[in-house]
Amino acid sequence: MSTRIELKELTKRFGGSGSGGILAVDRVSFKVEGGEVLGFLGPNGAGKSTTMKMLTGFLPATSGSASICGFDVAARPLEAKRCIGYLPEGAPAYADMTPEGFLTFCASVRGLTGEAGRKAVARAVERTNLEGVLRQPVETLSKGFKRRVGLAQAILHDPDVLILDEPTDGLDPNQKHEVRALIRELAKGKGSGDGGRAVVLSTHILEEVEAVCTRVVLIARGRVVADCTPAEFVAKSRFHNAVTLEIVTPDRADVPAALRQISGVSGVEDVEAVDAGAGRRVRCVVLAGKGKAVAHEVSHLVKARGWEVEAMRVEAGRLDDVFRDLTCASG
Amino acid sequence: MQGTLPIFRRELSGYFATPVAYVFIVIFLILTGIFTWQLGGFFERGQADLRPFFDFHPWLYLFLIPAVSMRLWAEEHKSGTIELLMTLPVSRGGAVAGKFLAAWAFCGVALALTFPLWITVNYLGDPDNGAIVTGYIGSLLMAGAFLAIGACVSAATKSQVIAFIIAVVICFLFLLAGFPPVTEFLKGAQMPEAVISAVTSFSFLTRFDAIAKGVIDLRDLIFFSTLIACCLVMNAFILEAKKA
Numbered sequence: 001m002s003t004r005i006e007l008k009e010l011t012k013r014f015g016g017s018g019s020g021g022i023l024a025v026d027r028v029s030f031k032v033e034g035g036e037v038l039g040f041l042g043p044n045g046a047g048k049s050t051t052m053k054m055l056t057g058f059l060p061a062t063s064g065s066a067s068i069c070g071f072d073v074a075a076r077p078l079e080a081k082r083c084i085g086y087l088p089e090g091a092p093a094y095a096d097m098t099p100e101g102f103l104t105f106c107a108s109v110r111g112l113t114g115e116a117g118r119k120a121v122a123r124a125v126e127r128t129n130l131e132g133v134l135r136q137p138v139e140t141l142s143k144g145f146k147r148r149v150g151l152a153q154a155i156l157h158d159p160d161v162l163i164l165d166e167p168t169d170g171l172d173p174n175q176k177h178e179v180r181a182l183i184r185e186l187a188k189g190k191g192s193g194d195g196g197r198a199v200v201l202s203t204h205i206l207e208e209v210e211a212v213c214t215r216v217v218l219i220a221r222g223r224v225v226a227d228c229t230p231a232e233f234v235a236k237s238r239f240h241n242a243v244t245l246e247i248v249t250p251d252r253a254d255v256p257a258a259l260r261q262i263s264g265v266s267g268v269e270d271v272e273a274v275d276a277g278a279g280r281r282v283r284c285v286v287l288a289g290k291g292k293a294v295a296h297e298v299s300h301l302v303k304a305r306g307w308e309v310e311a312m313r314v315e316a317g318r319l320d321d322v323f324r325d326l327t328c329a330s331g
Numbered sequence: 001m002q003g004t005l006p007i008f009r010r011e012l013s014g015y016f017a018t019p020v021a022y023v024f025i026v027i028f029l030i031l032t033g034i035f036t037w038q039l040g041g042f043f044e045r046g047q048a049d050l051r052p053f054f055d056f057h058p059w060l061y062l063f064l065i066p067a068v069s070m071r072l073w074a075e076e077h078k079s080g081t082i083e084l085l086m087t088l089p090v091s092r093g094g095a096v097a098g099k100f101l102a103a104w105a106f107c108g109v110a111l112a113l114t115f116p117l118w119i120t121v122n123y124l125g126d127p128d129n130g131a132i133v134t135g136y137i138g139s140l141l142m143a144g145a146f147l148a149i150g151a152c153v154s155a156a157t158k159s160q161v162i163a164f165i166i167a168v169v170i171c172f173l174f175l176l177a178g179f180p181p182v183t184e185f186l187k188g189a190q191m192p193e194a195v196i197s198a199v200t201s202f203s204f205l206t207r208f209d210a211i212a213k214g215v216i217d218l219r220d221l222i223f224f225s226t227l228i229a230c231c232l233v234m235n236a237f238i239l240e241a242k243k244a
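Respectively, the protein sequence lines represent chains X and G. So the first sequence is numbered by the working numbering: it starts at 1 and just counts up by one. So the second sequence is numbered by the working numbering: it starts at 1 and just counts up by one.
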């Protein structure tokens, strides 16, 4: 393991200096090690893209620093850029070029010419399944193919650091699945050096994080509000370890009160009478207190009372709930 | 100058991959033809030289060159490819140079395709070929100056139309600087002699006129080269300023 990406108090203020202007990114610090797939989360406008643009050296930082593979992005931009594969938001590519021409161009800019260039392009094309459209102008390609051209461009030189800005945004479910599978596979690649490849991908699609990431950094209004594993992230939810229960009982009005008696239960929510089953069915969510597991106690109570269980499910937590909590709170 | 060569190649082949190159070259050749034979009175003059051909170049370039330069950066800004280009390991200077040189080489190709005129004039008479070569060099230099101005303007906007219009206006000012009515006007406005000569010295017309006659003055060469260099440096600065 070696540190691939390091951000120190990275700050970006647009328009005006001092306290004027818009603070887009506010003292963001974190490190990414080789082998990690970091999901960079945040609502639209939180500063995800701006942070990535500073990481890749497109935008200069107002203060603070970023380094890629040990090269400071501001002081040694060329060395840093050589280590990065970057997919900008929307995967821009020269519209009148063919994927083949475009990739060959990107390879030659990266110093891969002649045989080495052909090999690099062939490998990237194979991994992104672009064989069928190599000679078609980029502007005639579907969104999914365009995205793949962008990804192919990013992995041409087998970079140690892969930065992907919303790689699955605007794709259909099949394409999303494909791109995610590709990202997972790319993360396994070891990069040119040893120590593994670091992948940073931004998204506001939460399932993506669970699907591909080993770590989550959530930012809101330019600040980091969470930095943990996806499991820890989900555990922040008040629905973590909550039990969703659907039971049949003659006296359904008593159910919430009885459940609240259990030690460790912090509340019973979403109590809902279900009309099916002769009006004796009830559904509710039993919330567990922080760090408590209540499933066992709940099932005991169910047995003791002789309730008939229609459904019972322990939740890991709700991503969108954590997302909302963390990004809306602390104004 | 990291990345100049691949960018140069991409840009140059980009011209020929789209109709832009062919439309431009055909129009350029038709217009040079019309200007030389019809308006320039090539035959009526009874002289074996290419003066009527070169005399119209400044006016032709005024509109055609901004049409070439307008897309250089504006298109990149518009389509977002600028972000891709600037995050590849290329230096800003390298990208500016690559794009400029490609556009310049393209203009060079268009200019070179006027060679039938040169053959014609050699067939008809016994021209001073040295003067003609000088004329071509001067014309290419002037095209470079127009292009550098246009590239600089193009870097500042994402609209190609704006890039075109502003470039035409700026080039027009450079042309007019030495136009007799302007000089007369400045004299009439009681401008000091230093100002008038300063303004006149920026004129493309006067400087190109000298070169087209076959007189290579080092000062004229330096003028065009410096102007190109300044515009390209400014181009790089505008790119930097526009991102922040």
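Hints are supplied without guarantee of correctness; some may be wrong.
To be verified - With a straight-line Cα cutoff of 20 Å, these simulated SDA-like cross-link-like pairs (lysine to any residue) come out:
{"no.": "1", "chain 1": "G", "residue 1": "158", "chain 2": "X", "residue 2": "139"}
{"no.": "2", "chain 1": "G", "residue 1": "242", "chain 2": "X", "residue 2": "74"}
{"no.": "3", "chain 1": "G", "residue 1": "187", "chain 2": "G", "residue 2": "197"}
{"no.": "4", "chain 1": "G", "residue 1": "243", "chain 2": "X", "residue 2": "119"}
{"no.": "5", "chain 1": "G", "residue 1": "242", "chain 2": "X", "residue 2": "119"}
{"no.": "6", "chain 1": "G", "residue 1": "243", "chain 2": "X", "residue 2": "63"}
{"no.": "7", "chain 1": "G", "residue 1": "242", "chain 2": "X", "residue 2": "22"}
{"no.": "8", "chain 1": "X", "residue 1": "143", "chain 2": "G", "residue 2": "80"}
{"no.": "9", "chain 1": "G", "residue 1": "158", "chain 2": "X", "residue 2": "89"}
{"no.": "10", "chain 1": "X", "residue 1": "290", "chain 2": "X", "residue 2": "238"}
{"no.": "11", "chain 1": "X", "residue 1": "119", "chain 2": "X", "residue 2": "129"}
{"no.": "12", "chain 1": "X", "residue 1": "292", "chain 2": "X", "residue 2": "268"}
{"no.": "13", "chain 1": "G", "residue 1": "242", "chain 2": "X", "residue 2": "60"}
{"no.": "14", "chain 1": "G", "residue 1": "242", "chain 2": "X", "residue 2": "89"}
Stated by the list, open to error - Listed next, the stretches of chain X that the computed footprint assigns to chain G, with coverage defined by at least 3 CB atoms under 8 Å from CB atoms of chain G:
{"no.": "15", "segment": "82-94"}
{"no.": "16", "segment": "100-109"}
No wet-lab data here; the hints were simulated from the structure. For each residue, glycine too, the CB sits at the ideal point set by N, CA and C.
So, going through the hints one by one against the coordinates:
| no. | hint | in the structure |
| --- | --- | --- |
| 1 | 158/G with 139/X | 19 Å, holds |
| 2 | 242/G with 74/X | 17 Å, holds |
| 3 | 187/G with 197/G | 10 Å, holds |
| 4 | 243/G with 119/X | 34 Å, violated |
| 5 | 242/G with 119/X | 36 Å, violated |
| 6 | 243/G with 63/X | 16 Å, holds |
| 7 | 242/G with 22/X | 16 Å, holds |
| 8 | 143/X with 80/G | 15 Å, holds |
| 9 | 158/G with 89/X | 18 Å, holds |
| 10 | 290/X with 238/X | 8 Å, holds |
| 11 | 119/X with 129/X | 15 Å, holds |
| 12 | 292/X with 268/X | 15 Å, holds |
| 13 | 242/G with 60/X | 11 Å, holds |
| 14 | 242/G with 89/X | 18 Å, holds |
| 15 | 82-94 | holds (count 9) |
| 16 | 100-109 | holds (count 5) |
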